[in-house]
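Converting from the sequence shown to my numbering requires adding 672 to each position, the first position being numbered 1.
For the record, the hints were derived by calculation from the structure and aren't laboratory data. Yeah, the Cβ is synthetic: ideal placement off N, Cα and C, and Gly gets one too. Treat the hints with caution; some may be incorrect.
[Unchecked claim] Taking lysine to any residue and the SDA-like style, the derived pairs with C-alpha atoms no more than 20 Å apart in a straight line are:
| no. | residue 1 | residue 2 |
| --- | --- | --- |
| 1 | 728 | 751 |
| 2 | 728 | 702 |
| 3 | 732 | 781 |
| 4 | 796 | 758 |
| 5 | 792 | 726 |
| 6 | 796 | 704 |
| 7 | 751 | 773 |
| 8 | 747 | 732 |
| 9 | 732 | 810 |
| 10 | 779 | 720 |
| 11 | 760 | 788 |
[What the hints assert, rightly or not] Quick list of the computed label-pair ranges, beta carbon to beta carbon:
| no. | residue 1 | residue 2 | range |
| --- | --- | --- | --- |
| 12 | 748 | 726 | 35 to 45 Å |
| 13 | 729 | 804 | 12 to 22 Å |
| 14 | 726 | 802 | 38 to 48 Å |
| 15 | 804 | 726 | 22 to 32 Å |
| 16 | 725 | 745 | 40 to 50 Å |
| 17 | 770 | 729 | 33 to 43 Å |
| 18 | 803 | 725 | 32 to 42 Å |
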Amino acid sequence: MKFPAAPLAIAAAVLVAGTALPTTGDAQGFSRLQHCSGGSFTLRFSATYTEQGQGKNAVKQLDVDLEADRRSDFKSGQKVTFFVDGKKIGQAGFKADRNGDLDAEVKLRSSGGKSFPTVKDGSKVSAEIRDVTVASCNL
Numbered sequence: 673m674k675f676p677a678a679p680l681a682i683a684a685a686v687l688v689a690g691t692a693l694p695t696t697g698d699a700q701g702f703s704r705l706q707h708c709s710g711g712s713f714t715l716r717f718s719a720t721y722t723e724q725g726q727g728k729n730a731v732k733q734l735d736v737d738l739e740a741d742r743r744s745d746f747k748s749g750q751k752v753t754f755f756v757d758g759k760k761i762g763q764a765g766f767k768a769d770r771n772g773d774l775d776a777e778v779k780l781r782s783s784g785g786k787s788f789p790t791v792k793d794g795s796k797v798s799a800e801i802r803d804v805t806v807a808s809c810n811l
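With the sequences and hints as input, model every part of the structure.
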């Protein structure tokens with residue numbers, strides 16, 4: 673039995689109310705660790721930002737993931753665009769996993785002062801499909 677996906681506006685409203693678990697200090701060797709997530713029946717969204725070290729020598733990572741249930745109306749190959757505070761950080765197409773669920777993710781890594789999106793406490797991470805925000809949370 674196939675369940676219809678919630679309209680994008682409803683899915684976005686549900687996911688905007690995600691949770692954030694910021695941590696600072698020496699958690700697993702990180703000088704900064706922040707995570708947020710949200711979800712609904714058909715979509716799951718998460719973002720994790722880590723920083724080791726300080727200044728130009730800091731090693732930064734940002735992993736953003738959007739997963740759609742196999743019963744949703746989203747399709748493999750459909751493009752998802754990811755943003756931090758309204759600035760585009762990447763795009764990925766949905767790929768089916770072995771269970772038939774769809775996953776799109778962007779993983780950014782930087783070290784040695786290379787260009788990297790600015791991530792602050794409370795930064796908004798979001799995902800858009802066809803110019804509609806379907807998920808977001810604040811780090």
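Evaluation of the provided hints:
The hinted pair formed by residue 728 and residue 751 fails the criterion: a straight-line CA distance of about 33 Å is larger than 20 Å. About 15 Å separates the Cα atoms of residue 728 and residue 702, which keeps this hinted pair within 20 Å; it holds. In summary, the hint linking residue 732 to residue 781 is supported, as the alpha carbons are separated by about 6 Å, within the 20 Å threshold. With a C-alpha separation of about 8 Å, the suggested pairing of residue 796 with residue 758 holds against the 20 Å cut-off.
Among the hinted pairs, residue 792 with residue 726 is consistent with the structure: their alpha-carbon atoms are about 14 Å apart, no more than 20 Å. In summary, the hint linking residue 796 to residue 704 is supported, as the alpha carbons are separated by about 17 Å, within the 20 Å threshold. With a C-alpha separation of about 15 Å, the suggested pairing of residue 751 with residue 773 holds against the 20 Å cut-off. The straight-line distance between the Cα atoms of residue 747 and residue 732 is roughly 31 Å, outside the 20 Å bound, and the hint therefore fails.
A hinted pair counts as satisfied when its Cα atoms are at most 20 Å apart, and residue 732 with residue 810 qualifies at roughly 18 Å. Only pairs whose Cα atoms come within 20 Å are accepted, and residue 779 paired with residue 720 is accepted, the gap being roughly 10 Å. With a C-alpha separation of about 12 Å, the suggested pairing of residue 760 with residue 788 holds against the 20 Å cut-off. Judged by the Cβ atoms, the range 35 to 45 Å given for residue 748 and residue 726 holds: they are separated by roughly 41 Å.
The supplied range of 12 to 22 Å is broken by residue 729 and residue 804, whose beta-carbon atoms lie about 39 Å from each other. Taken as a hint, the range 38 to 48 Å holds for the pair residue 726 and residue 802, whose Cβ atoms sit roughly 40 Å apart. Between residue 804 and residue 726 the Cβ separation comes to about 38 Å, which falls outside the hinted range of 22 to 32 Å. Restraint check, residue 725 to residue 745: a C-beta distance of roughly 43 Å satisfies the suggested window 40 to 50 Å.
Checked against the given bound of 33 to 43 Å, the beta carbons of residue 770 and residue 729, roughly 39 Å apart, stay inside it. For the pair residue 803 and residue 725, the beta carbons lie near 37 Å from each other, so the given range of 32 to 42 Å is met.
In this structure, the earlier hints numbered 1, 8, 13, 15 are contradicted, and the remaining ones agree with it.
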